[in-house]
Amino acid sequence: MSNANEQMAARYKNNFLKEIEEQAEMGEWVKMCMQCGVCSGSCPTNFHPGWDHPPQEIFMMIRAGKREEVLTSNSMWMCTSCYNCYVRCPRKLPITHIMHGIAEYAYRLGVAPKFQPTLHLSQTFWNNCTKTGRVNEVKLTQSLYFKDGFMAGIKKGLEMKDVALGLVKAKRLNIMEALGGGHKCKDIKGIQAMLAKAKELEAKRKAAKAAA
Amino acid sequence: MTSVVATNQTILVVGGGISGMTAALEAAETGKQVVLVERNPWLGGRTAQLYRYFPKMCHPTCGLEINLRRLKANPRIQVLTLAEVTGISGTKGDYSVTVKLTPRHVNENCTACGDCGKAVSAEIDDAFNYNLGKIKAAYLPHSMAYPQRYVIDRSIVGTPEADKAKAACKYGAIDLEQQEEVVSLKAGAIVWATGWKPYDAEKITPYRYGEFPNVITNVEFERLADPHGPTGGKILRPSDGREAKNVAFIQCAGSRDENHLRHCSRFCCMGSLKQTHYVQEAYGDAGKSTIYYIDIRAIDRFEDFYAKVKANPNVSFIKSKVARISQDKDQNPVLWGVNTEGYKRYSNPHDLVVLAVGMEPSVKGVDIPAEVMADSSGFIMADPANAGIFGAGCATNALDVNRAVQSATAAALRAIQVVNKVARAEA
Amino acid sequence: MARKEYAFYPGCSSQKGASASNYLTSVESMCKTLDIKITEIPDWNCCGASISYAEAGELPRHVMNARNFALAESNLPGQDIVATCAACWLGARESKERLEHNSGLMADTQEALKEAGLNIKAIPEIKHMVEVLIEDLGYDELKKPVKKPLAGMKFAGYVGCQTNRPFGIHGESFENPVYLDKLIETVGGEAVPYDQKVTCCGGALAFSEPDKAQAQIKDIIESAYDNGAEMLVTPCPLCQANTEVYQGQINKKYGTKFNMPVLYYSQLMVLAYGGSAKEAALPGNVIRARKLEEFAGK
Amino acid sequence: MAAEKKHAAYICSGCGLGERLDIAALEAAAKKEGKMQVVKTHAFLCSAEGVAMIRNDIDNDGVTHVAICACSRRAKTEAFNFPTTAISRGNLREGVIWVRPDTDEARETTQEMAEDYVRMACAEVKAMTQPSGNPNTGMNKTLLVVGGGMSGMTSALEAAKAGYKVVLVEKTGALGGWAAKLYKRVPTREPFKAPQDNGVADLVAQIEADANIKVYLNSTLAKTAGAPGRFKVDIAMESGPTVTEDIGAIVQATGFSLYDANKLPHLGYGKSPHVVDQAGLEELARAANGGVMKRADGKEVKSVVFVQCAGQRDATGEHLSYCSGYCCNTSVKQAMYFKDANPDVDCVVLYTDLRTPGNGEDFYRSAQNKGVIFSKGVVSEVVPGGNACTVKFHDLILDDKAAQIEADLVVLATGVVPNSGVNIDAVPAAPAEATEGAAPVVEEKPISILNLDYRQGPDIPQFKFGFTDSHFICFPYETRRTAIYTAGPVRRPMDIAQAQEDATGAAMKAIQAMENAGLGKAAHPRAGDLSFPTARLEGCTQCKRCTVECPFGAIDEDEKRFPLFNESRCRRCGTCMGACPVRVISFENYSVNTVGAQIKAVNIPDEFSEKPRILILACENDAYPALDMAAMNRNEYSAFVRAIPVRCLGSVNTIWITDALNSGYDGVMLMGCKHGEEYQCHFVKGSELGRYRLSKVGDTLKNMNLEAERVFDLEVAITDIDTLPRKINDYAAKIQEIGMSPFKGF
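So the sequence lines, in the order shown, correspond to chains A, B, C and D.
Heads up: the first sequence at position 185 corresponds to 185 in this note's numbering, and the numbers run straight through without jumps.
Heads up: the second sequence at position 366 corresponds to 1366 in this note's numbering, and the numbers run straight through without jumps.
Heads up: the third sequence at position 275 corresponds to 2275 in this note's numbering, and the numbers run straight through without jumps.
Heads up: the fourth sequence at position 470 corresponds to 3470 in this note's numbering, and the numbers run straight through without jumps.
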């Protein structure tokens, strides 16, 4: 287990619920769940066997202190941000954001599943779009396909060939972007500085809570 | 012109459902003068629209028969139907009340012989049966309607249809000239027993009520099971009249939900447990019921009723708030969700889905014509500042019939306390 | 002086050469016809989209949107922000809501913005282009310029998620929103009823969990076909891309014969307003909408 | 009322009666067989003019008895209301023309039907006198309240506020009952977020300040004798003499006892001081008084588990099978005691169904918001440890059968049992035994609360699980001991808020009972009925059937072992009348004779006429309305039946049946309410007793060597508007099958 993880586990001893409430975005809502299951049923239903644990079950596991099972789970990473659970919850829990929050926390602690494709996507996307302020779709797709190493990338690349070609034909994928070209913001520096500050502030806020 | 005899020792009861009738009867049978005001053209309220009661599976109309006999035998109660209180002024022990009377267009000469109904061809929605069927525009609201008099629906007044009805009546009972009138009366105390309304199921959009014909509400299901109902007591699908043998009951349809009703409506669990008996009664072992629930609230001694239903192999329970309903090509509603006891996904087709819609106080949204205090759900709260106006029954809380009647009986005493005080003061 | 002016937030996908460039093209010609002036927010940046949650965390995501607010506010004062991308719109609206209801978050955001020499006074209203059309103009206004009704053409209005939940278009139900159907009818087309109208296309998981996402997409297209639709219509670039570009792969995997064009509402409107195939950016569709191309030719 | 009788029949020819029936023939029947001095026909009898005609004959022509031959007695009741005059109703509309086809072949039998109903109405009214009211009334208007808890105090105060004197008897040394032991109570007003003051002190203060309320502490009831309006109650005080109070009516609010947690060793109770029941937790809370919660050994509680349904909702039969209703909210409240004092205390509530109805949902939400954890699980065992207890349970959501929690303290929600005194039905006295005069065998324990000096036992009959609730949904204050009402948790498991509402309602009913007893009027369901039973004791054989069968314990035995009627306890159902083998019991307006005369008034065609006659005796509350409504729906049935409404099947005397069969009726249908556990008879045992009695008719039939089918007992519900006509027709067909009775023309 990672260092950060051990620290937090120690800090919150046996109270995983409290840990989530303080450290995960919207975590303070978890305690309000009444286990009706409408969120679980609302999650895109063709996704099985996608979910090990649907939201309502995750919440129950948090209350039951199943820390490792929750943080290392794949489940939160299956969220497509469709917001069905969010709008149907009779207790008005912002479930979509809670799922994101728990996932983000697991990642922050370094205990999220290794090679979790959605996590990788999230990293890649954010790094891509914050690099220049705007998404470079070609580089995005490249880095996605090559995430499992070069050969796999080629394979995936071939798989996706038709897709890519189609887009290129339709002038919706600009190979030029791969070579330094492509869209970017003017004030990249400002954006970087701004984001650095934001990261710093957020880390401070969460640490303060843990310290309290 | 309608004349009402009332003094500041009179008790005004607003609402002629079982709570209002009870409050009125208990007070009158204790020697008090009572004016009973009801918005419908008939007394009995929503209990009269139920087929059976839990847990005894007996018939509400049986109690209604007794209450009506008590009423007919009691000269101290004046009943105003098609009447709504429009204003209350004054204070405890001395209220002045205005009541708006909508014309029935049929006077006390009516013998309920039915000739006007035969003469008229125009049809209107059958309100008593929650609009599941149609009735003639000259109608007796239902077999136990009191007063036992026909009603000429306003929609035909001024049309040849109404003239047909008038011509058919041998007893001069039809008065098409009747106008809306407002009567004023005194009252020493007021019992507010305006009851409840089923939560509007169309607002629960994932269940597609109003879009899918085979998704109905619990109150509508009562009418399907009742021999007086639109299907003569047969449980049939609205879409195609086919027998509905595989019925789903969705609990907390609107209740316990911050997007709809925050409170638990209390009666719906027992209501659905009761309604599984209707399915069993109609189709024997071919009738299957499934109850989708969060918590089964079969409170206190009702537990044994729940236990009996649970023991019935034709009834299954799934701990789940149904996420959404879709419809297959045969118009079977398909329920989607997860059984939370051990995370089991389901997508179950049923012949018919009954939404156990919750209880919304009728006073909600309506401005009660007096400073009556209501909580944020719209239920009337006991309020020292209005010590002469008392809530009763489901206007005060989500109650089953039994508790509503208790509440109404209590309200009657509170009202009597006020008028007795007035009497002592004037003696 | 146009009758309406907005600070335009196209978003990354709706840039020249990007995956939704055809959306941009059609929106621009649509706005011209409707006399709506959209001015791009100078140096706008990515909204971060939903998917960035893990790497970005909370504050940085809001800060990214806040920067756009600040830029719009200072450069295009008094103008509402209009986004064409569902994700941009949702991301921006979420940030606006969160910042306005959480003073601590707002303070931190301002502090971060300072690093880029910006700050927020009051966050402008944030609208999706659909809201501009329906709420600011109204269906009647949208009908007026129709020269060539898309008569006899059957479309499945695919609303998807993010223009629908959690905020949604005012007055629409989450389960069965009808604004797309109404737009289709406004331009003379026929909107077919089908039950996958708000099914999720998988969103960003089309990249990370392709099998699962494509299973969803299959349901959507299938249901559209079953109910007699010839084309799909969407308000969202990601929905458009997902439902369009993977049809080939789905055919391979499931042995289906999908070949259903997926258009933006804006493309239909441009055509109905008499615009050319080019103005409607029909060539931008990977699955060519032949029927519409002929229609535009006539 | 005029000294000599004058009988009049009024026939209506409206509503199609004139078109369908030969009115002249009806008039003739009323004159000839009906022997009416006055017979008039009106085309619209219920009109102001028609009513005025009758009114005038009564006021100016000395008419004392009126037979109205028009529509059903259930229709136009207000129009035909002549309080001082004996009235009978011949049901020609719902009873005849609406259930018969308008065809030529039907005309003859329909006319016969109508003529019979006219004769029956005349015969009935001639046998009636207008009730004059019960002479032995008691005028006392003092309310006795037994039990000084929340319910009792509320009943006392609410009655006093209405201006009535109250005697309040409490067996302990202080008022307040269980509520006084609560640190706080569940909130009763918005926002329903936090526990509120238990409110006891306030009520006690009000009672002490109220001159209308006399309180006896440390006191019990030694004897309760008499009847509504004239009870004599001996109050035994722990120290000092027994005093006698004159009482008008009684509210019994004797509350509950806790279910004995010692019966739950598997949940650790008794094994560890750190396993308590909810009452035990209240003690700890009162000790902490808002500060940190400590347990018996003084250790601060850092973790607590609440076990719901401990020994409740138990299917094994070992513990309580019911749910006590209030415990979920109580645990929610008690968890807040901990959280409000220290948010870091771990509180877990283990439940199977969380039951917080109404606004309790807000209270539940509030507890979650305070960090109380709710888990759906079934507890198998609580293992006491040295310092902490281990709660083992099956987590139903995570489907973890081996789930367990360590806790400093465990609270068991054990529920309640009612303090309802002696179960007088413990060994039911079957009517059979009764005939030998055997008194119902009565349990020794528990000790009686009311010590009623009643023939039928010392306490209120119990309903389910020992609770004394009413059996009726529409009538929660139905009681089998007139003017004695129970209120609060003794009646049904309930929380304080409900108990106070209930206590107010019970006070209402008790006040009403006193008022009506004073006026000689019956209580529900025949509210206001002035008739009352009288017995010709010279004919009485002291068989005691009446005293045993009376569902309301109205009849005792005097020192000479004759039945002693306590009219103000009587509910006028007529069960005694039906029970009496020598037919000495009758009401002025309802007697063996009023019905017998109707039976005899029917014209019986001869054996060869192919026209059988079937007598229907129908319960007036359910079966008769069902027949009426069938008619309103124009559901036709056989012209061979003649229906007579009876107050209750229990009032049916077998002589009616044997007379009918002797005089040539071909069949008899008895229509009564459902009986048994889920009975629907509004006189409780009426239909059951009636049926039991009539089951004996079989012998009579044998002796007359008639087929058993000639008497048919039918259970009818008020909704049987379709099935009832069908069953009537089936029966008529069967009778024609087995042939005409040989007893005609004798």
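I should point out that these hints are in silico values taken from the structure, not numbers from a laboratory.
Every value quoted in this text rests on a predicted model; they were computed, and no experiment measured them.
Beta carbons: idealized from backbone N, C-alpha and C, even for Gly.
Hints may contain errors.
[To be verified] Below 27 Å or equal to it, Euclidean Cα-Cα: the simulated DSS-like pairs (lysine-lysine) are:
hint, chain 1, residue 1, chain 2, residue 2
1, A, LYS186, A, LYS206
2, D, LYS3040, D, LYS3141
3, C, LYS2121, A, LYS199
4, B, LYS1203, C, LYS2257
5, D, LYS3392, A, LYS13
6, C, LYS2121, A, LYS156
7, A, LYS92, B, LYS1421
8, C, LYS2127, B, LYS1329
9, D, LYS3141, D, LYS3126
10, A, LYS92, B, LYS1344
11, A, LYS66, D, LYS3696
12, B, LYS1118, B, LYS1197
[What the hints assert, rightly or not] Just a few of them, taken from the derived set where beta-carbon distance is under 7 Å, the chain D residues facing chain A:
hint, residue
13, ILE3373
14, VAL3697
15, THR3700
16, MET3704
[What the hints assert, rightly or not] Derived list of chain C stretches under chain A, where covered just means 3 residues or more per stretch with a C-beta under 8 Å from a C-beta of chain A:
hint, region
17, 2001-2007
18, 2017-2031
19, 2075-2083
20, 2123-2137
21, 2140-2153
22, 2181-2194
**Q.** Contradicted hints - numbers only
**A.** Hints 1, 2, 4, 6, 7, 8, 9, 11, 12, 14, 15, 16, 17, 19, 20, 21, 22 not satisfied by this model.
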